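Novice: Going by my numbering, the residue at position 3 of the sequence shown is 3; the numbering climbs one at a time, nothing skipped.
A portion of the hints provided could be inaccurate.
To be verified - Cβ-Cβ distance ranges computed for the label pairs, FRET-style:
1. V53 - R16: 31 to 39 angstroms
2. H66 - E25: 27 to 35 angstroms
3. R16 - T57: 17 to 25 angstroms
4. V7 - T52: 30 to 38 angstroms
5. T52 - C23: 27 to 35 angstroms
6. G28 - H66: 33 to 41 angstroms
7. R26 - H66: 31 to 39 angstroms
Derived by calculation from the structure, the hints in this document are not laboratory data. On a predicted model such as this, the values are computed, not experimentally measured, just so you know. Every residue, glycine too, gets a C-beta built ideally from N, C-alpha and C.
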Amino acid sequence: MSAVPAVGALAVDTVRDQLGEYCGERAGRWSLRPVGAGKKWTTDPANVQPTTVEMQTWVFAHLRAHPDHLSYAEVIERPWVMKPEGLT
1 MSAVPAVGAL AVDTVRDQLG EYCGERAGRW SLRPVGAGKK WTTDPANVQP
51 TTVEMQTWVF AHLRAHPDHL SYAEVIERPW VMKPEGLT
């Protein structure tokens, strides 16, 4: 990802294969956290890709429809949840 995203923007950490919210930059590393809540992690900006509008729409719609799912991290751990193509 070449441009620094806005704080709160969704991005995919390709090393962890995890979606996160951008929290900021420190010492050349980007801080992300699971969507909704969870422990932050840091990653090299070269390992971060922007999300598609479709992915963002699906994630937020799913979290609104299932308030018991606290975050995207919890959503992907539930095997009965159907995810759209391209969302791993």
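Novice: It remains to establish, for every hint, whether it holds in the given structure.
Specialist: For each hint, the structure was consulted:
In this structure the supplied range 31 to 39 angstroms is violated for V53 paired with R16, their Cβ-Cβ distance being about 22 angstroms. Look at H66 against E25: about 32 angstroms separates their beta carbons, and that is inside 27 to 35 angstroms. In this structure the hint that R16 and T57 lie 17 to 25 angstroms apart at CB holds, the actual value being about 22 angstroms. One distance hint, 30 to 38 angstroms for the beta-carbon pair V7 and T52, is violated here, with the actual separation near 20 angstroms.
Between T52 and C23 the CB atoms are about 21 angstroms apart, so this pair departs from the stated range of 27 to 35 angstroms. Checked against the given bound of 33 to 41 angstroms, the beta carbons of G28 and H66, roughly 36 angstroms apart, stay inside it. Look at R26 against H66: about 33 angstroms separates their beta carbons, and that is inside 31 to 39 angstroms.
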